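S.K.: Each chain, written out:
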Amino acid sequence: MMRLIALAALFVPALFGQEQFIDWLTNYRQALTVAKAAKKPIFLEFRCEA
Amino acid sequence: MEGRVFDAQVVLSPKDSPLGKVLSEYVCVRIVRMDDVDVGLFDRDWNNAIYFFVLNSDEQIYMRYGGRESQSPDTYNSLDSLRVALEQGLTLHQKYLQGSLAKQERPKPLSPRDMPLLVERTFAQRQCVECHLIGDFQNIQRERDGKLDKLSQLYRSPDIKTIGISLDVPKGLVVKEATGAVAAAGMKPGDRIAAWNGVPVYTFGDVQYRYDKVDRRAKDVNITVDRGGQAVELKVDLPARWWWTDLRFRQSSVDPRLDFEDRPLTSEQKQKLGLKPDSFASQVKYVSEMAKVRNTHDLQVGDVIAAVDGVDHDEFAHTAELYLKLHTKAGETAKLEVIRDGKRITMPIQTYVLSFRK
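Sequence order for the protein chains is A and B. Using this note's numbering, the first residue of the first sequence is number 89, and each one after it goes up by one. Using this note's numbering, the first residue of the second sequence is number 754, and each one after it goes up by one.
Be a bit skeptical, because a hint or two may be false.
Stated by the list, open to error - Computed beta-carbon distance windows for the label pairs:
id, chain 1, residue 1, chain 2, residue 2, range
1, B, S825, A, D111, 28 to 34 Å
2, A, K124, B, E930, 22 to 28 Å
3, B, R1001, A, T121, 40 to 46 Å
4, A, A125, B, P767, 24 to 30 Å
5, B, G793, A, D111, 52 to 58 Å
Unchecked claim - Computed cross-link-like contacts, BS3-like style, restricted to lysine-lysine with a CA-CA straight-line distance of at most 25 Å:
id, chain 1, residue 1, chain 2, residue 2
6, A, K128, B, K774
7, A, K124, B, K856
8, B, K903, A, K128
9, B, K903, B, K972
10, B, K1025, B, K1088
11, B, K1023, A, K127
12, A, K124, B, K1088
These are calculated hints, taken from the structure and not from any lab test. Being a predicted model, the structure only gives us computed values, none of them experimental. Ideal placement from N, C-alpha and C gives every residue a C-beta, glycine not left out.
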């Protein structure tokens, strides 16, 4: 059941467009560069999905 | 899968939601492969499948978010407490930009690619570097090098409930109920935990990480709470085995698997059986059906284990099961002295090593 909810949640952006959701980078080095330029802090998630 | 729903809720936060508005002030990054993670900088309990850090572009870590208790991976994850934490993170970041936040020394870098066992058994096999593998291979290497301290490296992440702290989880570090050791020290419901042994803490993840750093031989810990805007210092006396947690959720190869569980004998029971008052003699309360399949031992429910390899007393263990966990290498054999139906018998126990895809 939980798996279905999560999968459904992952497809929501595809159905309704991405712009309403937070943008996530997937490259740590890139995040450091972007944060430095924008003077923003970084919120880093480690997610082990295996 | 641990944390799947919470992960989806965070990642798919609408920009106009309370959490989304705070997240918009951050550069958000999500890493799902651990191959190139700096294990030194991002040190944590690797048996958490989801974990967060708040930091800046100089790699100064402001706080951690995540952590779990043995019973559940989700107890301390809450969108509300995450929002509270991230708001505090923004304040800390402003202080850092203004130069009013002290810089921390960067921990020594450590790449998973520099960990020989991980390279040999995971990278070389083109398998995914799962979080728990990092922690487990670290411990296997420590054991091989004779440097494994099971008290702190197997029994990671002590449980704050053991000393009586129940948090009002959506409010972050606000105490919902204080009992036991912390109540005796003066902690009250409504207090907000602000520092642990002098180090500022903002989240449950911070508290658990700092608690984990406490020497397992420590007799007390200093907790600072915010009570109505006033800082109150509390010296909390730590109970025996405050560091103990149920290891069953951990995928650990250095944890000798025993196929039984026990309970400590009372003083009266020990006296009746002629056992020393300070012995770790214990009574078997559960025997796994796998014990026969694996030929682990011949223990029966109700047996009393009086000694292990001729030893009946230990500084840390109060049961034979814990003594075996702390002093036996997974895979080794030990000799049990058992009292069954009033008679003393000896029997071997063959511990076994958990194996999983490596």
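S.K.: Next, verify each hint and record whether it holds.
M.R.: Verification of the supplied hints:
1. Look at B:S825 against A:D111: about 31 Å separates their beta carbons, and that is inside 28 to 34 Å.
2. For A:K124 and B:E930, the Cβ-Cβ distance of about 43 Å falls outside the hinted range of 22 to 28 Å, so the restraint is violated.
3. As the Cβ distance of B:R1001 to A:T121 is approximately 42 Å, the hint placing it in 40 to 46 Å holds.
4. Checked against the hint of 24 to 30 Å, the pair A:A125 and B:P767 passes, with Cβ atoms roughly 25 Å apart.
5. For B:G793 and A:D111, the Cβ-Cβ distance of about 28 Å falls outside the hinted range of 52 to 58 Å, so the restraint is violated.
6. Distance restraint check for A:K128 and B:K774: the Cα-Cα separation of roughly 14 Å lies within the 25 Å cut-off, and the hinted pair is therefore satisfied.
7. Under the criterion of a C-alpha separation no larger than 25 Å, the hint pairing A:K124 with B:K856 is consistent with the structure, at around 16 Å.
8. Distance check on the hinted pair: B:K903 and A:K128 sit about 40 Å apart at the alpha-carbon level, beyond 25 Å; violated.
9. Simply put, B:K903 and B:K972 have alpha-carbon atoms about 18 Å apart, close enough for the 25 Å limit, and the pair holds.
10. The hinted pair formed by B:K1025 and B:K1088 meets the criterion: a straight-line CA distance of about 23 Å does not exceed 25 Å.
11. For the suggested pair B:K1023 and A:K127, the alpha carbons sit about 65 Å apart, so the restraint of at most 25 Å is broken.
12. Of the supplied pair hints, the one linking A:K124 and B:K1088 is violated, its CA atoms being roughly 60 Å apart against a limit of 25 Å.
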